[in-house]
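Q: Sequence:
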Amino acid sequence: MASSFRCDIVSAEHEIFHGEATLLVATGEIGELGIAPKHAPLITRLKPGKVVVTLPSGEQLDFAVSGGILEVQPTVVTVLADTAIRAQDIDEAAVRAAKEEAERILAHRGEKMEVAQAQAKLAEALVQLQALERLRKNMKH
Numbered sequence: 001m002a003s004s005f006r007c008d009i010v011s012a013e014h015e016i017f018h019g020e021a022t023l024l025v026a027t028g029e030i031g032e033l034g035i036a037p038k039h040a041p042l043i044t045r046l047k048p049g050k051v052v053v054t055l056p057s058g059e060q061l062d063f064a065v066s067g068g069i070l071e072v073q074p075t076v077v078t079v080l081a082d083t084a085i086r087a088q089d090i091d092e093a094a095v096r097a098a099k100e101e102a103e104r105i106l107a108h109r110g111e112k113m114e115v116a117q118a119q120a121k122l123a124e125a126l127v128q129l130q131a132l133e134r135l136r137k138n139m140k141h
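For the sequence shown, position 111 (counting from the first letter as 1) is numbered 111 according to full-length UniProt numbering, and the numbering increases by one without interruption.
These are calculated hints, taken from the structure and not from any lab test. Hints are not guaranteed to be accurate.
Stated by the list, open to error - With a Cα cut of at most 25 Å, we get these calculated SDA-like pairs of lysine to any residue:
| id | residue 1 | residue 2 |
| --- | --- | --- |
| 1 | LYS121 | THR75 |
| 2 | LYS47 | LEU132 |
| 3 | LYS47 | GLU13 |
| 4 | LYS137 | VAL52 |
| 5 | LYS38 | THR75 |
| 6 | LYS99 | GLY67 |
| 7 | LYS50 | GLN119 |
| 8 | LYS38 | SER4 |
| 9 | LYS121 | LEU132 |
| 10 | LYS121 | HIS14 |
What the hints assert, rightly or not - Ranges of calculated distance between the beta carbons of each label pair, as one might list FRET restraints:
| id | residue 1 | residue 2 | range |
| --- | --- | --- | --- |
| 11 | HIS108 | LYS38 | 44 to 54 Å |
| 12 | ASP82 | GLU133 | 17 to 27 Å |
| 13 | GLN117 | PRO74 | 33 to 43 Å |
| 14 | GLU103 | LEU55 | 29 to 39 Å |
| 15 | ILE69 | GLN119 | 16 to 26 Å |
| 16 | GLU20 | ALA107 | 42 to 52 Å |
| 17 | ALA107 | HIS39 | 39 to 49 Å |
Each residue gets a CB set at the ideal place from its N, CA and C atoms; glycine is no exception.
Could you build all of it, start to finish, from the sequences and the hints given here?
A: Right, dumping it as structure tokens:
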């Protein structure tokens, strides 16, 4: 009986994580998904949100993704993210600046394309800030 599965998290830029996992939690379009060993195969779209990978040691790795695809196969789970970053690698000052810029654009209601881009940047910034908060909470315990 398999107690773990191979997990790959990749973005357009590079591979973010490759290793064994016992659980993966991701934010799907209709809610959170928990993927454990021997999960039924599926493919679903991911919303901007978290991906948490539990390693066989029990350690949890926290990632922020801006959306993408989750593919579950019998022995491999793959997250194909638009962008992905480990929580500990997030530059908080840069994320806060991006959030403020997106909010400024939305407040002034610029062109349609600019507003759509600002909404996407704001969603990504909020996801990254949430990942930082989860990381800080886990460090306190």
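Q: If a hint holds in the structure, say so; if it does not, say that too.
A: Hints versus structure:
For the hint pairing LYS121 with THR75, the CA-to-CA distance comes to about 34 Å; that exceeds 25 Å, so the pair is violated. A distance of roughly 18 Å separates the Cα atoms of LYS47 and LEU132; the hinted pair therefore holds under the 25 Å criterion. A threshold of 25 Å between alpha carbons decides the hint, and for LYS47 with GLU13 the separation of about 19 Å falls inside it, so the pair holds. Of the supplied pair hints, the one linking LYS137 and VAL52 holds, its CA atoms being roughly 14 Å apart against a limit of 25 Å.
For the suggested pair LYS38 and THR75, the alpha carbons sit about 7 Å apart, so the restraint of at most 25 Å is met. Annotation: proposed proximity of LYS99 to GLY67 holds, straight-line Cα distance about 17 Å (limit 25 Å). Between the alpha carbons of LYS50 and GLN119 the distance comes to roughly 18 Å, so the proposed pair stays at or under 25 Å and holds. The suggested pairing of LYS38 with SER4 holds, with an alpha-carbon distance near 9 Å, which does not exceed 25 Å.
For the given pair, LYS121 sits about 17 Å from LEU132 by alpha-carbon distance, which is consistent with the 25 Å threshold. Between LYS121 and HIS14 the CA atoms are separated by roughly 20 Å; this keeps the pair inside 25 Å, and the hint holds. For the pair HIS108 and LYS38, the beta carbons lie near 51 Å from each other, so the given range of 44 to 54 Å is met. Under the hint 17 to 27 Å, the C-beta atoms of ASP82 and GLU133, about 22 Å apart, fit the expected range.
Separated by about 39 Å at the C-beta atoms, GLN117 and PRO74 satisfy the suggested range of 33 to 43 Å. GLU103 and LEU55 have their C-beta atoms about 36 Å apart, which keeps the hinted 29 to 39 Å range intact. In this structure the supplied range 16 to 26 Å holds for ILE69 paired with GLN119, their Cβ-Cβ distance being about 21 Å. Checked against the hint of 42 to 52 Å, the pair GLU20 and ALA107 passes, with Cβ atoms roughly 46 Å apart.
A C-beta distance of roughly 43 Å is found between ALA107 and HIS39, which places it inside the suggested range of 39 to 49 Å.
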